[in-house]
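Participant: Here is how the chains run, residue by residue.
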Amino acid sequence: MKHIDLNTIIEKIDGFSSLEFIEQGGQKAVYRGKHESFGDVVAKFIIQPNERIRREIEIAVNYEIPNTARLFSTQDFEYEGLNAICVIEEYVSGINLRKEIRKNGPLTLKKAICLIETLLETAVSLESYKLVHRDIKPENIMVCPDESFKLLDFGIARFLLKSSLTPNDTRYGPYSAGYAAPEQFRNYKKEIDIRTDLFAIGIVAYEAIAGNHPFANGASDSLEVQRRTETIIPVSLLIDGDKKRELDEFIAILMSKFPSRRPPTAAHALEWFRAICLSLDIGKV
Amino acid sequence: MELYLQFGYGMMEHSRHLIRNWGTGHVILSPRDLTREQMQRLGQEIIDVGGNILVDPQLYDPNSNHHRLRDHEYWPSNFNIDMLTGGPGLSELIRSLENLNTDSHATKFIIPGIYATRVDDDWLAIQDSIISESKAIVKDMPLLATVCLSSESIRFEEQIETIVNAAENWDVSGLYIVPEHPRTSYLVDDPMWLSNLMLLCSGIKLQRKTVIIGYANHQMLCLSAAKVDAISAGTWLNVRSFSTAKFQETDEEDISRRAKWYYSPSVLSEFKIPFLDIANSRGLLDSLKPDSSMESNYASILFSGAQPTTTSYSEQQSHRHYLQCLHQQCISSVKLSFDETVNANIEILNHAENLISELHRRGVRGQDRDFFNIIDVNRAALISLNEARGFILKRIW
Chain H
1 MKHIDLNTII EKIDGFSSLE FIEQGGQKAV YRGKHESFGD VVAKFIIQPN ERIRREIEIA
61 VNYEIPNTAR LFSTQDFEYE GLNAICVIEE YVSGINLRKE IRKNGPLTLK KAICLIETLL
121 ETAVSLESYK LVHRDIKPEN IMVCPDESFK LLDFGIARFL LKSSLTPNDT RYGPYSAGYA
181 APEQFRNYKK EIDIRTDLFA IGIVAYEAIA GNHPFANGAS DSLEVQRRTE TIIPVSLLID
241 GDKKRELDEF IAILMSKFPS RRPPTAAHAL EWFRAICLSL DIGKV
Chain Y
1 MELYLQFGYG MMEHSRHLIR NWGTGHVILS PRDLTREQMQ RLGQEIIDVG GNILVDPQLY
61 DPNSNHHRLR DHEYWPSNFN IDMLTGGPGL SELIRSLENL NTDSHATKFI IPGIYATRVD
121 DDWLAIQDSI ISESKAIVKD MPLLATVCLS SESIRFEEQI ETIVNAAENW DVSGLYIVPE
181 HPRTSYLVDD PMWLSNLMLL CSGIKLQRKT VIIGYANHQM LCLSAAKVDA ISAGTWLNVR
241 SFSTAKFQET DEEDISRRAK WYYSPSVLSE FKIPFLDIAN SRGLLDSLKP DSSMESNYAS
301 ILFSGAQPTT TSYSEQQSHR HYLQCLHQQC ISSVKLSFDE TVNANIEILN HAENLISELH
361 RRGVRGQDRD FFNIIDVNRA ALISLNEARG FILKRIW
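Chains as they are written, first to last, in this note's numbering: chain H, 1 to 285; chain Y, 1 to 397.
Bear in mind the hints are in silico, worked out from the structure with no lab data behind them. A couple of the hints might just be wrong.
To be verified - Label-pair distances were calculated between CB atoms; the ranges are:
1. Ser73/H - Ile383/Y: 27 to 35 angstroms
2. Ser148/H - Ala125/Y: 44 to 52 angstroms
3. Arg282/Y - Leu278/H: 51 to 59 angstroms
4. Ser128/H - Ile137/Y: 57 to 65 angstroms
5. Ile383/Y - Ser220/H: 30 to 38 angstroms
Note that this is a predicted model, so its numbers are computed, not measured. Think of the CB as a built atom: it goes at the ideal place given N, C-alpha and C, for glycine as much as any other residue.
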């Protein structure tokens, strides 16, 4: 896609007092800016949005999902004779979890608990809408200055009640190696539900607490990560404050390679996690 | 967990007698062993004494040449596998089976299922098709989908999980699981086989579906840890362990070669009566006696003071004693929590191990029905279950 001309944007979309280019990829260009009505925003300009992008927008417009960036408005416009759309979202300040772990090492138990609870709360909401995020990973989780977390990027989210956009005969579904559950990267569509996100939450939780990835350490490429995801049982976590080893066990269950061995619903997972938290000794760590 | 009576040779009178005594219970009728008229009559008799009826369609191998199976109206005369993927042939089969179930006074409908050499897309497609057709036709009875698995397929965790995942979309109230025993063995010495069977059952139970195990024996008491609803057993070994050979013409009972056995519930082992003589002479016979909780007097004569081989302990008493004890053991096998149930199972195994060691030391052996070498198999399966699903089962019981 060629670079979108800023002047055209300012001309066609009202309300921006400034715009600063962040990144561009595929059909999408992302800017950070100031908007007269919404303040600090992220503006995404998408030319000829495909069905996947339309669905991502639909999720943001129609569903109130906690711990995600708020969507302020969308506006269709024409760009050089092509259909285009502008999506204006809340700007989430902070750094992503990947950078946070690289910079400061593993999270404290207290922060890790906050992270896991945030992700599970979000999963409960997704579950109620029959949605699966399918791309929960540190790069898509923002650590905000107030120490809260936000989950971003619903680009490959799946509506379980709508037809799949991935062809049935595709060997691999859309995924991020190391975070996608086996049923996701193997494109076993019938097996994909919220438990697929619970798997990714388990991996993120493990990585946030241990400071290293359970499958990726020393792997030569993403295929090896994938192979390990299907074959390796991660080394147990030794967590200070988790005397009963319940948190370790909980995270291990989330990371089970078979969906039937993970919590049956996100609501169960959240309920059990909160019960486990009561037995954790957070004060000392 | 309940004991269902699996119909086989000689079960007619046992079923009536035991169900009458229990005042309740389930009998799974076998078209291989009964004509339609016998099924109707026995069904009514069982209902009259407080029992419930199920009909096992036994369509494990639709090409079976067993004349009694082929004589049944529902049995496909010119079977072609395409018939099970839909169309008038499948509808006719299910309607005919529904009639047989209704006439036999069945309260649940066991959907026919073919033997899975391996769990693959073809087998799953046939399952889907038979289940959908049954759902469309049978409206008045809860449906149980048959899952009949080869011993080899049970050994593969992935195949087991494939069934668990597929079953989430099967619109049935439960599964009738028929697991083939490896190498036609009665007691299974393969821990992977038992562990995977347990994982299959617990996976299905977590979907809030009923699980009934067909062709089982006392080794399956450990399935209480998966909170299985019932195991089914009968008189002879060919209804206490599943083999496809039973449904072929050549496999007929040879009653004359069969010895009488005594089941000791405390050691989970069976003994030929001459070995009870040895136990008697060593002063160990009383340790094999069922305790009062078994409520079985069928074998009392063996403990009357006379040398066991000189008593009139009969084959009928042997079978009734086995089924009565297993009935009681099933009832008490499921506890209030997963942990308690696993612990109770471990305790039974530990107790049996200690006692069998002493019996062996003194020359009392159960030969091929001795549980000693099976104890570790059951222990391993319980540990596997705890590792794979313990966290969840502790919270959803």
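Participant: Please go over all the hints and tell whether each is borne out by the structure.
Facilitator: Structure-based check of all given hints:
no., hint, in the structure
1, Ser73/H - Ile383/Y: 27 to 35 angstroms, "violated, 57 angstroms"
2, Ser148/H - Ala125/Y: 44 to 52 angstroms, "holds, 48 angstroms"
3, Arg282/Y - Leu278/H: 51 to 59 angstroms, "holds, 56 angstroms"
4, Ser128/H - Ile137/Y: 57 to 65 angstroms, "violated, 35 angstroms"
5, Ile383/Y - Ser220/H: 30 to 38 angstroms, "holds, 34 angstroms"
The structure fails to meet hints 1 and 4 from the earlier list, while all remaining hints are met.
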